[in-house]
Amino acid sequence: MEERTEEGKYSNLILSLKVFFSNRTAVAGMVIFLAYVVDALIMQFDPRLLGVTNPNQFTYNFVNPVPQPPSSQYPLGTTYPGINLLQAILEAIRVDLGYSMLIVVGGAVIGAVVGILAAYVGGYLDELLMRFTDIFFSVPYLVLAIAVGFALGRSFTSMVIALIIVWWPIYARYTRSLTLSIKESVFVEAAKAAGASMVRIMFKHILPNTLPPVVVQISLDLGSVVGVFATLAFIGFIPNANTPELGYLASLGLNYVQSAPWTVIFPGLAITLFALSVNLMGDGLRDVIDPRRRS
Amino acid sequence: MIGAFNLKKYFPVRGGVVGTQYLKAVDNVTLTVRRGEVVGVVGESGSGKSTLGRMLIRLLEPTGGEILFDAPEEEMVKYREALESGDKESAEMISRKYSLLRKKGSELRKLRTRMSMVFQDPYSSLDPRFRILDVIMEPMISTGYLRGEEARKKALDLLEEVGLPRAFGNRYPHELSGGQRQRVAIARALSTDPELVILDEPTSALDVSVQAQILNLLKEFRRRKNITMVLITHNIAVVSYMADRVAVMYSGRLMEIGDKDDVLTRPKHPYTMALISSVPRPRPGEARKRIVLKGDPPNLLSPPRGCVFHPRCPMAFHECGWTAEEVAEDINYLVQGKYYNVFGDNVKVIPLQDKVKVEGANPESIKKVLEVERENIRSLTAVKEVTEDSLLIIHAFQEPKLYKESERRSVSCLLYR
Ligand SMILES: Nc1ncnc2c1ncn2[C@@H]1O[C@H](COP(=O)(O)OP(=O)(O)O)[C@@H](O)[C@H]1O
Ligand code: SF4
Ligand SMILES: [Mg+2]
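In order, the protein sequence lines correspond to chains H and F. Just so it is clear: in the first sequence, position 129 is 129 by my numbering, and no numbers are missing. Just so it is clear: in the second sequence, position 189 is 189 by my numbering, and no numbers are missing.
Possibly wrong hints are sitting among the right ones.
[To be verified] Cross-link-like lysine-lysine pairs, in silico, BS3-like; alpha carbons within 30 Å at most:
| # | chain 1 | residue 1 | chain 2 | residue 2 |
| --- | --- | --- | --- | --- |
| 1 | F | 97 | H | 192 |
| 2 | H | 204 | F | 153 |
| 3 | H | 183 | F | 8 |
| 4 | H | 192 | F | 8 |
| 5 | F | 97 | F | 404 |
| 6 | H | 204 | H | 192 |
| 7 | H | 183 | F | 104 |
| 8 | F | 110 | H | 183 |
| 9 | F | 401 | F | 289 |
| 10 | F | 219 | H | 192 |
| 11 | F | 153 | H | 192 |
| 12 | H | 192 | F | 110 |
| 13 | F | 225 | H | 192 |
| 14 | F | 357 | F | 368 |
| 15 | H | 204 | F | 104 |
| 16 | H | 183 | F | 154 |
| 17 | H | 204 | F | 103 |
| 18 | F | 110 | H | 204 |
| 19 | H | 192 | F | 104 |
[Unchecked claim] Label pairs and their computed distance ranges (CB to CB):
| # | chain 1 | residue 1 | chain 2 | residue 2 | range |
| --- | --- | --- | --- | --- | --- |
| 20 | H | 22 | F | 174 | 18 to 26 Å |
| 21 | F | 278 | H | 16 | 40 to 48 Å |
| 22 | F | 20 | H | 138 | 25 to 33 Å |
| 23 | H | 16 | F | 45 | 30 to 38 Å |
[Unchecked claim] Only part of the chain F face toward chain H is listed, based on derived beta-carbon distances under 8 Å:
| # | residue |
| --- | --- |
| 24 | 57 |
| 25 | 59 |
| 26 | 109 |
| 27 | 116 |
| 28 | 119 |
| 29 | 121 |
| 30 | 124 |
| 31 | 126 |
| 32 | 127 |
| 33 | 129 |
| 34 | 138 |
| 35 | 139 |
| 36 | 142 |
| 37 | 143 |
Keep in mind that the hints were calculated from the coordinates and are not lab data. Glycine included, C-beta positions come from ideal geometry on N, C-alpha and C.
Using the sequences provided together with the hints, build the complete structure.
Okay, here's the thing in structure tokens:
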């Protein structure tokens, strides 16, 4: 027992990778997710690579505005008014992915800090937080987002804020329960015996130990948030001045949905595929951090 | 060095119907540890050893009692005498000066450099996200004992002292074996050069082959640095190897304390006798009669009255705390079983307040049964008299205190009053 470990240095990482890569669907999910990320990065930094000159706007074609079916020139067809769907989707992914990331990570950071504080400090603060999150949980989040959106004004920025407000309580609850178990662990007791202050214990010991599960949760949530965000755009809740966004893009073909169903199906598929891929990936990550599943 | 006086820890346990009850994990423990000495605390699992250890370095707030830290021997003796004679004024004066429980904030943080703890399970006592070097540096940095480069250097030196390569500093706990982790935990506990280290079962989570190495390491540190240790263990062999004095705990109470050799070879308390008789002897020829205790350790929510050990004590006698219920249960057992022929079907045994009513039985036959069975069934010793109408009167009981059996030996048993 005393002698192993010369090669042990990276053994944990290697084991983690093994666990992850043995799960084929998780790997497929990750590949698709990475494809979305790469697309978003290209659109941000060098859209010309994909033949796009201005990724901030859809390119209209009023010469031939009626949706065209998929063809060799337009692999996914076009939508009203004459927008090349493939190019439009490639452009829109950046916006949806970016905002969703912002929402989930923003919610996770706020939630984590509040959750840890509540669980560690306990007492009134904890009680207050739990009642507060109860209220959030009892209202459907789409309804809540719309309500907050009305209060803050309807724009992309206010929708991001609205959705962060809707999303952080989930993370607060989650990190709270994680913290409650971590704070009972012997290493926290050892830190107390070492004279560590409460702040040090919260941020040096507890926060880093809640991170892996929270990251998994982030990847699982990313799919839902993209859906909610696109839904709000689709129903026209976010006024859109031609910004490439998947929900808005789907809504453009709404008048033609019977004669040209691809106008709605392809943007919808782009959203679904993304949600599916992050879910598969998240499941694989969950296996990696769960010691019971890694024997 | 450190002294606990009438130390108590009652954990609140929320019960459904009965409301909040208190679990008496440690009850009225008095124990002093001299500078440079190793005191072994032994007892079965659940006897309150860890709770005691955690209170001694203030990881748990006691429910009652006092802890004096760094008080000279004479002051501790004086404090104890003051408590016994009810001299509140002198006790308060000594408390004010040495009480560990009154230390707060930065004062307490400073004291934390002078005492530390090694926990039982090295798999959970090291933060999995900390590198080994950071683990060892934590006490120095948290208390401000050393900082930055100095702390780093000291941590690396300590790694070497506990027998690990310096390169391990950059590793994470999961890359180490159990024995190696416990060495790291020891290095952490020694990083602020403490005078007192509490060791809570430091070897019981480890492979047998590694246990001896860890004990030898501790012994070596003790020799070189003259560290005072409180060694908590359920393993008599560990105590026998390491300790100068032994304290025996049972159900949250101290049963006996004295010099190691004295206690181990001449146990005085009936519980200690049973505990030691259960250890296999090194020389087979010397095998001693094994005392097997009947029953289980008591429920700590409602411990037995009088001496907590009395329901299991082979030597228990009339004053040890027997209740009418206990006596009634044993009599009922005899009446329904062994002596069924004598008493027949119509006997009813009813426990009352400090009396037991035996309905439908002749007092003379009861007396005879008591006479015969007294030696085996200790609860029967508690019957003071049997009245004309078959009422059994129970003796008054006494709660044992820690009695001085000799100069360096105290026993909490009425036999040593
Ligand atoms: N935090 C706690 N809350 C409630 N009960 C506890 C707590 N810690 C310990 N106990 C109880 O106190 C008793 C003594 O425990 P412990 O001190 O760990 O014993 P030992 O170390 O001798 O095995 C046990 O019955 C245990 O269940
Ligand atoms: S006081 Fe002594 S004799 Fe009586 S029960 Fe307790 S240990 Fe046994
Ligand atoms: Mg214990």
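Here is what the structure says about each hint:
Among the hinted pairs, residue 97 (chain F) with residue 192 (chain H) is consistent with the structure: their alpha-carbon atoms are about 24 Å apart, no more than 30 Å. Taken as a hint, the residue 204 (chain H) and residue 153 (chain F) pair is honoured in the structure, with Cα atoms around 21 Å apart against an allowance of 30 Å. Our distance criterion of 30 Å between C-alpha atoms is met by residue 183 (chain H) and residue 8 (chain F), whose separation comes to about 24 Å. Distance check on the hinted pair: residue 192 (chain H) and residue 8 (chain F) sit about 21 Å apart at the alpha-carbon level, within 30 Å; holds.
Simply put, residue 97 (chain F) and residue 404 (chain F) have alpha-carbon atoms about 27 Å apart, close enough for the 30 Å limit, and the pair holds. With a C-alpha separation of about 12 Å, the suggested pair residue 204 (chain H) and residue 192 (chain H) falls inside the 30 Å cut-off, and the hint holds. Between residue 183 (chain H) and residue 104 (chain F), the direct Cα distance comes to roughly 22 Å. Compliance with the 30 Å bound is thereby established for this hinted pair. The suggested pairing of residue 110 (chain F) with residue 183 (chain H) holds, with an alpha-carbon distance near 23 Å, which does not exceed 30 Å.
A threshold of 30 Å between alpha carbons decides the hint, and for residue 401 (chain F) with residue 289 (chain F) the separation of about 28 Å falls inside it, so the pair holds. Of the pairs offered as hints, the one joining residue 219 (chain F) and residue 192 (chain H) holds, with about 26 Å between alpha carbons and a cut-off of 30 Å not exceeded. For the proposed pair residue 153 (chain F) and residue 192 (chain H), the alpha carbon gap of about 23 Å is at most 30 Å, so the pair holds. Of the pairs offered as hints, the one joining residue 192 (chain H) and residue 110 (chain F) holds, with about 13 Å between alpha carbons and a cut-off of 30 Å not exceeded.
Taking the CA atoms of residue 225 (chain F) and residue 192 (chain H), the gap is near 24 Å; set against the 30 Å cutoff, the hint holds. As the CA atoms of residue 357 (chain F) and residue 368 (chain F) are separated by approximately 17 Å, the hinted pair is consistent with the 30 Å bound. Between residue 204 (chain H) and residue 104 (chain F), the direct Cα distance comes to roughly 23 Å. Compliance with the 30 Å bound is thereby established for this hinted pair. As the CA atoms of residue 183 (chain H) and residue 154 (chain F) are separated by approximately 28 Å, the hinted pair is consistent with the 30 Å bound.
The straight-line distance between the Cα atoms of residue 204 (chain H) and residue 103 (chain F) is roughly 25 Å, inside the 30 Å bound, and the hint therefore holds. A C-alpha spacing of about 21 Å is found between residue 110 (chain F) and residue 204 (chain H), which places the hinted pair at or below 30 Å, so the restraint holds. At most 30 Å may separate the alpha-carbon atoms for a hinted pair to count; residue 192 (chain H) and residue 104 (chain F) meet this at roughly 14 Å. Distance hint for residue 22 (chain H) and residue 174 (chain F): a CB-CB separation of about 20 Å, consistent with the stated range 18 to 26 Å.
For residue 278 (chain F) and residue 16 (chain H), the hinted distance range of 40 to 48 Å is satisfied, since their beta carbons lie about 46 Å from each other. Checked against the hint of 25 to 33 Å, the pair residue 20 (chain F) and residue 138 (chain H) passes, with Cβ atoms roughly 31 Å apart. In this structure the hint that residue 16 (chain H) and residue 45 (chain F) lie 30 to 38 Å apart at CB holds, the actual value being about 36 Å. A distance limit of 8 Å between C-beta atoms decides the matter here; for residue 57 (chain F) the minimum to chain H is near 6 Å, and the interface restraint holds.
Given hint, residue 59 (chain F) at the interface with chain H, holds; its Cβ is 6 Å from that chain's nearest Cβ, closer than 8 Å. Restraint check, residue 109 (chain F) versus chain H: the minimum CB separation of about 5 Å is within 8 Å; hint holds. Hint on residue 116 (chain F) holds. Least Cβ distance to chain H is approximately 6 Å, under the 8 Å limit. Because the closest C-beta pair between residue 119 (chain F) and chain H is about 5 Å apart, less than 8 Å, the hint holds.
With a cut of 8 Å, the hint placing residue 121 (chain F) at the interface with chain H holds, because the nearest CB-to-CB distance is about 6 Å. A cut of 8 Å between beta carbons decides the hint on residue 124 (chain F): the least distance to chain H is about 4 Å, and the hint holds. Using the Cβ-Cβ criterion of 8 Å, the hint placing residue 126 (chain F) at the interface with chain H is satisfied: the shortest such distance is roughly 6 Å. Restraint check, residue 127 (chain F) versus chain H: the minimum CB separation of about 4 Å is within 8 Å; hint holds.
Interface restraint check for residue 129 (chain F): the shortest CB-CB distance to chain H comes to about 4 Å, inside 8 Å, so the restraint holds. Satisfaction of the interface hint for residue 138 (chain F) is found here, the shortest Cβ-Cβ separation to chain H being roughly 5 Å, below the 8 Å cut-off. The closest approach between the C-beta of residue 139 (chain F) and any C-beta of chain H is roughly 4 Å, which is under the 8 Å cut-off, so the hint is satisfied. A distance limit of 8 Å between C-beta atoms decides the matter here; for residue 142 (chain F) the minimum to chain H is near 4 Å, and the interface restraint holds.
A distance limit of 8 Å between C-beta atoms decides the matter here; for residue 143 (chain F) the minimum to chain H is near 4 Å, and the interface restraint holds.
Hint compliance for this structure: every hint is met.
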